[in-house]
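Protein chains in written order, with our numbering: chain A, 2 to 402; chain B, 2 to 402.
In short, the hints are calculated from the structure, not lab data. Check each hint, because a few of them may be wrong.
Stated by the list, open to error - The list that follows gives simulated cross-link-like pairs (lysine-lysine, DSBU-like), each with its CA atoms no further than 35 Å apart: (1) K4/A / K84/A; (2) K396/A / K123/B; (3) K4/B / K396/A; (4) K123/A / K4/B; (5) K97/A / K396/B; (6) K82/A / K123/A; (7) K97/A / K84/A; (8) K396/A / K84/B; (9) K4/B / K401/A; (10) K123/B / K82/B; (11) K4/A / K396/B; (12) K123/B / K97/B.
Protein chains: 2
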Amino acid sequence: MAKANLVVGQSGGPTAVINNSLVGVIHQALAEDQIDGIYGMLHGIRGVMDENFVDLRRESAQTLEQLRTTPGSALGTVRYKVKPEDYDRLLDVFVKYDIRYFMYIGGNDSMDTVYQIGQVAKQRNFELHSIGVPKTIDNDLAQTDHSPGYGSAARFVAMAIRNSGYDTESMGADGPFKLMEIMGRNAGWLTAASALARESEYDPPHLIYLPERRISPEKLAADAEEVYREHGYCVVAVSEGIVDENGQPYASATGRTMRDAFGHEVKQGVVEAVAEIILAKTNIRARFDKPSYLQRSFIQLASPVDQEEAYRAGIEGVRHAVNGASGQMISFVREPGPEYAIRYELADLSQIANQEHTVSDEYINAAGNGVTQDFMDYVRPLIGPPLPSFARLAKHAVAKR
Amino acid sequence: MAKANLVVGQSGGPTAVINNSLVGVIHQALAEDQIDGIYGMLHGIRGVMDENFVDLRRESAQTLEQLRTTPGSALGTVRYKVKPEDYDRLLDVFVKYDIRYFMYIGGNDSMDTVYQIGQVAKQRNFELHSIGVPKTIDNDLAQTDHSPGYGSAARFVAMAIRNSGYDTESMGADGPFKLMEIMGRNAGWLTAASALARESEYDPPHLIYLPERRISPEKLAADAEEVYREHGYCVVAVSEGIVDENGQPYASATGRTMRDAFGHEVKQGVVEAVAEIILAKTNIRARFDKPSYLQRSFIQLASPVDQEEAYRAGIEGVRHAVNGASGQMISFVREPGPEYAIRYELADLSQIANQEHTVSDEYINAAGNGVTQDFMDYVRPLIGPPLPSFARLAKHAVAKR
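Construct the complete structure from the given sequences, taking the supplied hints into account.
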């Protein structure tokens with residue numbers, strides 16, 4: 002193929018390491034003779050529709066290096082769901098700008114976009130190499146061992162639970178219940194990763210609730226009370242997407258719907274609902290943290306493994322596109338053996354687009370309030386070095402007089 | 002004075018560095034010949050009432066060193082408000098255990114406890130050296146330049162705003178409003194510190210609301226809309242204690258009171274109320290972060306200045322007690338001159354107990370939605386080294402075809 006232009010975009014929620022994938026794409030594109038212009042689309046696919054491209058060849062090496070430790074999506078991102086009638090327009094733009102390499106860094110929806118646009122290109126007989134570069138803190142992409150962004154969010158969540166757990170432990174009877182609401186509406190991977198906070202089996206989080214297992218308010222309250230009675234405090238990791246025994250979200254299930262002064266129904270937060278349930282059972286007000294967007298932007302706690310893999314995914318994407326691949330996503334395959342290692346392969350987007358990979362059964366404990374050793378073995382290498390250890394006083398009692 | 006025992010306790014909300022003060026007390030007590038037993042009270046003053054003491058001489062040097070990077074209050078903390086009738090009982094215990102050095106690490110309420118117990122000791126003619134070691138992320142203690150715990154919480158909040166700000170900036174039209182609820186019910190010091198996130202005047206936080214200035218919902222919404230129109234996004238740092246034009250808390254002001262399905266009044270969160278106000282004005286749903294207890298426990302982002310000062314405050318407390326001081330608190334006095342330096346003095350507890358030092362007028366801008374340069378000069382040295390810088394793409398436009 003003659004020289005042609007490459008365009009790269011970022012889509013969906015940012016992660017702490019998504020700019021590593023962008024920099025990987027740019028670095029590899031700079032190294033490939035077949036690539037002429039290296040364009041960035043501003044705010045994802047919307048930048049293509051509006052022909053808002055920036056020239057990434059003109060960015061300084063220093064900026065690119067610093068982007069590897071900058072959160073957010075440096076090109077701007079988008080949540081626009083591409084409509085069937087948009088694809089012709091998108092391809093028109095690619096034709097007009099001689100864009101034959103399309104690298105899209107994103108999650109499920111974005112992979113669908115990459116797939117669809119590849120199909121339209123085929124129909125119109127336009128040689129386009131469209132490659133998806135996976136990105137999601139939710140870790141819910143199919144056909145890959147895991148996705149860049151997850152390891153860093155997991156490291157942040159584990160550290161946050163360990164920190165907040167020590168704080169809660171010291172409160173004793175004056176604040177024994179702590180809840181943390183963790184992202185992932187349909188997939189509990191990130192909530193499950195909170196288990197990495199534990200150094201012993203008595204450490205927080207004592208309970209972990211994922212969207213994959215229904216949990217009745219009664220059972221949840223009983224679980225929490227039991228832990229409190231046993232340990233004197235109880236730290237709970239709660240997915241934002243947990244559902245009750247009828248499959249109803251906690252955030253809006255009957256009895257927990259909130260109304261403002263005008264009578265409008267307001268969606269109550271999940272931890273607020275759980276706190277209400279614990280209050281009703283124990284007469285103790287639970288405290289909670291909602292780190293929300295800090296989970297996907299806390300670059301200071303990024304996993305070095307994740308940073309490097311996100312970068313590599315960008316590099317591999319360009320390499321494969323130039324070698325003729327299209328309609329595929331960079332897929333992480335874990336090498337067998339005791340040492341953690343990843344092989345980068347390609348997976349068909351038709352198997353990925355709009356799929357949702359939730360937490361597997363063998364990773365959730367029988368009681369539905371924790372994770373298994375298999376899950377720990379899966380997740381541990383992804384967050385990089387062990388979390389820093391904390392100390393507890395030995396507390397040798399002074400004899401009473 | 003003959004050799005006597007020392008007791009140390011921790012009180013109120015933990016901070017990321019409160020264990021540094023504990024270790025400072027222990028290290029200095031170990032060095033003082035006049036001190037015999039070094040006791041820790043479990044869960045603050047409650048440990049005295051219940052005679053729950055631990056022998057801190059038996060803790061290993063390694064544990065003490067590791068406690069300097071461990072959040073929470075290692076001895077356990079307490080929120081119990083001591084009643085007048087308790088003081089005789091407390092002194093009885095001190096007499097029984099020959100405790101003549103009383104070091105209490107805490108905030109306003111705790112300083113009152115130290116003061117009162119000192120008064121009772123005087124009345125009963127018992128030689129007691131009671132010293133307060135300041136601690137509070139709220140920074141609301143009087144008679145001191147600042148308090149240990151504040152610098153680290155300030156560093157966390159600034160970093161969190163910078164991280165979440167880059168995330169928000171990249172969302173563009175798909176999520177332009179970000180609110181962060183910051184601790185400090187009556188004093189806005191910590192919320193004000195969010196301004197440290199800025200590298201340029203256009204950077205987040207664009208608006209800062211403190212409890213010290215009333216702000217009407219109308220003005221707040223107009224402020225936010227104006228920033229959004231000018232910059233394309235708007236990041237707001239909101240104290241949990243902001244009040245409207247009538248002095249009513251946002252969390253419960255009329256029109257924003259929430260009721261659950263049983264009709265019970267539920268206190269709505271502050272950022273939820275602000276989000277509602279912005280939605281009504283702009284028809285855009287604001288996103289928010291509530292890092293809550295992470296603000297006081299995120300040791301990984303502690304200020305090294307704060308860690309060292311918290312440790313020194315513990316050391317100075319014991320030194321002064323052994324030298325005969327009592328009924329006083331370790332006070333931080335800033336040395337004049339261009340280089341930041343602190344001198345440790347003593348301040349009378351009668352001037353501190355139950356006082357609340359709020360943000361001074363000259364630190365708040367005229368519009369009541371930001372801080373002044375004077376405040377920046379005050380706060381900058383407290384968080385230690387500058388925050389790590391991030392990069393933005395230069396975004397050279399590709400000519401349209």
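Here is how each hint holds up against the structure:
{"no.": "1", "hint": "K4/A / K84/A", "result": "holds (30 Å)"}
{"no.": "2", "hint": "K396/A / K123/B", "result": "holds (31 Å)"}
{"no.": "3", "hint": "K4/B / K396/A", "result": "holds (23 Å)"}
{"no.": "4", "hint": "K123/A / K4/B", "result": "violated (90 Å)"}
{"no.": "5", "hint": "K97/A / K396/B", "result": "holds (21 Å)"}
{"no.": "6", "hint": "K82/A / K123/A", "result": "holds (21 Å)"}
{"no.": "7", "hint": "K97/A / K84/A", "result": "holds (21 Å)"}
{"no.": "8", "hint": "K396/A / K84/B", "result": "holds (27 Å)"}
{"no.": "9", "hint": "K4/B / K401/A", "result": "holds (20 Å)"}
{"no.": "10", "hint": "K123/B / K82/B", "result": "holds (21 Å)"}
{"no.": "11", "hint": "K4/A / K396/B", "result": "holds (23 Å)"}
{"no.": "12", "hint": "K123/B / K97/B", "result": "holds (17 Å)"}
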